[in-house]
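Please put together the full structure from these sequences, using the hints given.
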Amino acid sequence: MKRLKKLTLGACIAALCAGAAMAQDARFVGWSYSEASSKPFIENEAAKVDGVDVELIGFPWNQMVQNLILRHRSGQTTEVAQVQDRWMPMLVGMGALADLNDTLGADALADTVEPGLLAMGQSNGGQYGVPWTAASIALVGNRELMEAAGVTELPATMEDFHAALKKIKAADPEAVPFGLSTTNPNLIQVESQVFFWQFGARFFRDGAVAVDSAEAREALAFLVQLVDEGLVAKGNDRNATRALYGQGKVGFYFDPPVARGIARNLSGEGEAFDENVVVMPTPTTGNGEPPRSVVWAHFLTSLTAGSPDTEAAGKVIEHFAMKPDVQLRYWNELGLFPTTKAALAELSDDAYVANWIELARDALPDEPAAFENSAQLTQIIGEEIEAALLGIKSVDEAITDMADRLEGAL
Amino acid sequence: MIPLSHAHERWILRILIAVFVFFLLAPVVWMISTSFKPPEEIFRTSPSLIPDAPTWRNYLRAFTETDILKYLGNGLIVSSLNAGLTTVLAALAAYGFAKFRFRGRKGLMLLMISAQMFPYAVLLISIYPMFQWSGLFDTRTGLVLAYLVFALPASIYILFSYMVNLPDELIEAARMDGAGEGLILRELILPLVIPGLITVFLYSFMWSWNDLLYSLTLITSEDKRTIGPGLLLTFLGEMEQDWGAAMAGSVIVSLPVVLVFSLLQRFFIQGLTAGAVK
Amino acid sequence: MASHPQNPVRTGPVGGHPRRPAAPAHVRRQSRFGLSIVLPALILFVALLLVPFLRSLGFAFFESTLFSPEPKFVGLENFRDLFSDRVFLETWLRTLFYVGITTGVTVVLGFAWALVLNQAFTGRKVIRTATILPWILPSTVTAFLWAWIFNGQFGLLNAVLDAAGAIGAPVVWLSTPTGAMFAVILAKVWLSTPVAMSFLLAGLQSVSSEEIDAAMMDGCRAGNIIRHVILPHIFPTLVIVFVLQAMANFQQIDTILAMTRGGPARTTTVLSIEVYQKAFNEWDMGHASAIGVVWFLTLAVPTVVYLRAIFKRF
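Chains as they are written, first to last, in the numbering used here: chain R, 386 to 795; chain D, 7 to 284; chain F, 3 to 316.
In short, the hints are calculated from the structure, not lab data.
All residues carry an ideal CB built from backbone N, CA and C; glycine is no exception.
Errors might be hidden in some of the hints.
EDC-like cross-link-like pairs, simulated, lysine to aspartate or glutamate; straight-line CA separation at most 20 Å [unchecked claim]:
1) R:Lys778 to R:Glu614
2) R:Lys424 to D:Glu246
3) R:Lys634 to R:Glu654
4) R:Lys778 to F:Glu92
5) R:Lys634 to D:Glu246
6) R:Lys424 to D:Asp229
7) R:Lys778 to F:Asp87
8) R:Lys424 to D:Glu71
9) R:Lys424 to D:Asp73
10) R:Lys619 to F:Asp164
11) R:Lys619 to D:Glu246
12) R:Lys634 to D:Glu46
Some residues of chain D that are not near chain R, with every Cβ distance over 10 Å (derived) [unchecked claim]:
13) Met7
14) Ser54
15) Gly110
And the structure:
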């Protein structure tokens, strides 16, 4: 009898302990989990989050925002979601994101995260996303390919750039000198935008359509010329270009710092490929515009839909985005820049990081993203540029139509 | 058939046979061929039909680096459930329309058949909020229900054509003998239309197996994905240029329907054409 | 209750018209049974097809986007936006083009193939079974397969044309408007031909051999037999097949979505893709539904034709 009592008591205590130590559940939705190069890192780190059972859900980047919106509208609980910078205004406007000041504390955030980056995730005093990695989308070159073609210096002006592209083409007719995205309106819009900026054009000014200008036509005409001369391939998007870059078939292309990590994977050479990856300031046109790039960041957010375990959400976000050692591991394995003050300080000697961050100072935020119907505006801009690049419309027609359609959409 | 007396007519026939067989089958052969090629042979501007160094690499990649088996499993579950339910419902409804008279019969039947003209993408606009509030969103059950309405109209029509030709005397005789309606349906009618039932089962299975739009929109969790979105989303990202794996995945995903179909094709063609064309 | 001499059994109000005699109890019971077994299918149909469809059409009169928490009634404004948008009108015309060409080519090929398979030759059965393959493959697979054949750098089409000396440099088919439309049409024709063939073959098999023999006696050759004997006989079937295919092609979205996503630069965007884009990329339900209404009305024309053809069978 005594033995039975002891056993029962023991069982009760065990159950209580287990209950206390029972893990919280968190769903973590992102696209990095669906990409081969980043999957292992995410899986490893997710397992290390204290006291939280993280369920990882992956979607390709192309389907990501659509699925986030679907989850929000259908009330599906999502503790943590990876969000691209350009989607933030839209999601905040929809009320889809929770104010992380409540869970993580504004002070703690201000202490740990680099202030400029932290500010990118703020709106009306609320912190709707914690920057997980931040830099810019800039031109990345392949040093090996350049040297093989006799391009010894990074081109500084548009003429130099043009000449460099021609040299690369002459050295290797099968290569794609400039891997500009020429399919998928979303990508076309983001990347071509940089050239539009560089030539002094803007899509919008003060909330009104401003793309109907001589500068815009000049920029587009330049890109069209590159396509016509075979220096830009038709029908490639960034995924295809990344694959070709890894095989040494692309001279320059647009990518955020993930470029290095992806190239390690796709080239099959691992870290040995690193020295080929070089970031370069966008060539200037002599009009005073500094070398431009596009602000780029991944945020970790918590969706308001359903019944999220906010505490668990906080723990996951804190682990990935606020712990310097985790951030440094992210950097080491994937080449993604950290956002915490401590981690950034550690990397101040690294040339790759230092160069890129220096360039990012002149980066501008994606123009359509500021609007509610950014998806529609991006689609319009991308479609019209695509039409011009593929020779379906003349530069003039494309710009005029773009301005018309944008006016109609605002 | 038309008797061909002249030699050149027979030649024309032979050429036509060759052209059509080539047109209809060559692409499939090419798909299979590509699936066995290593990347060096795929990324060549002058490819060959038979791989010089055939490899299982692509299939291995498809099995280990993608979740294709999971997608196959989900697809089989959803499609089989859908096919089963559709067959039962269609058989009941077809019998009702074919052998009974009740008010509104013609109108109802016309209404249900006309559903084939409703644009599916438009339907989706309302179905997904409906599914959200009823908790069916992102569930395989929800998908099964959504698919039901795809194949139902055509299935009812196919079975209707079968049953309408069954002699009324048989049924009357059974009734005279005191058999209940349910018994008549189960023991008398259904055995007589088994080919039609098989046709309808296959037809609705195939429809849901092949679907992309609904499964892409109504299922958002990776572990519940079926084959359409599974294939598409897997090869949209980093694996975009991996045509070898994409072709291998395509072959894998096509096998179940091809298998099932080849076993039961006799009934299928018979059933499809029986009603529509007399 | 006065009783009419010739019609001793009468129901109905006093002084009303003579009615049909009340059905005997067992017939009424059968009627109820018949209705009851139709009911399950009917209920699902109403809940999952009819109601959503009417609601979708209803959305066309509201402004409903990501940022409007409650849909706002705006009457015909969405339609006014549509019809003043040149881009929409282009999309509509493009859809007619796609449906017209795809259906036409499918029916012609299906008919030719049916004629061939109607002849006796060795291996006919095997070939007939094997060549239904295009229809069985999942639509995503078909889209991938044809996208691969049309691939700009390593595709089969370029290789073949290059070997035949027909082109100088590889053509990036899916990045040109004509190439993309051609690819998308070809993929759909390829997968639909077996089905069209099946229907038409069944029709051909009901052509009486006496008529053919009679024509042959008169010295007719195959070509004339087809023209004068077979075509008139099979014409109704051709019409039905054409209408069925047209309806299916109007609905088609899977192959286009997986091959070109409506590109390049909208040049393969047909109404189905446009509705999907507007609804699930731009989250503009109002305009998406308005497009849906226009699409439905366009589809209604061949449907009425189809229904009338079926109606005759009742």
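Cross-check of the supplied hints:
Note on Lys778 (chain R) and Glu614 (chain R): the hinted pairing holds, with a Cα-Cα distance of about 17 Å set against a maximum of 20 Å. Proximity of Lys424 (chain R) to Glu246 (chain D) is assessed by CA-CA distance (about 17 Å); at most 20 Å being required, the pair is judged to hold. This hinted pair checks out: Lys634 (chain R) and Glu654 (chain R) have alpha carbons roughly 15 Å apart, not beyond 20 Å. Straight-line distance between C-alpha atoms of Lys778 (chain R) and Glu92 (chain F) comes to about 15 Å, which keeps the hinted pair within the 20 Å bound.
Note on Lys634 (chain R) and Glu246 (chain D): the hinted pairing holds, with a Cα-Cα distance of about 16 Å set against a maximum of 20 Å. Taken as a hint, the Lys424 (chain R) and Asp229 (chain D) pair is honoured in the structure, with Cα atoms around 16 Å apart against an allowance of 20 Å. For the hint pairing Lys778 (chain R) with Asp87 (chain F), the CA-to-CA distance comes to about 18 Å; that is within 20 Å, so the pair holds. Distance restraint check for Lys424 (chain R) and Glu71 (chain D): the Cα-Cα separation of roughly 11 Å lies within the 20 Å cut-off, and the hinted pair is therefore satisfied.
In summary, the hint linking Lys424 (chain R) to Asp73 (chain D) is supported, as the alpha carbons are separated by about 14 Å, within the 20 Å threshold. This hinted pair checks out: Lys619 (chain R) and Asp164 (chain F) have alpha carbons roughly 19 Å apart, not beyond 20 Å. Proximity of Lys619 (chain R) to Glu246 (chain D) is assessed by CA-CA distance (about 16 Å); at most 20 Å being required, the pair is judged to hold. For the hint linking Lys634 (chain R) to Glu46 (chain D), the alpha-carbon distance of about 15 Å falls within 20 Å, and the restraint holds.
No beta-carbon of chain R comes within 10 Å of the beta-carbon of Met7 (chain D); the shortest separation is about 47 Å. The non-interface label for Ser54 (chain D) is consistent with chain R: the shortest C-beta to C-beta separation is roughly 19 Å, beyond 10 Å. No beta-carbon of chain R is positioned within 10 Å of the beta-carbon of Gly110 (chain D); the least distance is around 36 Å.
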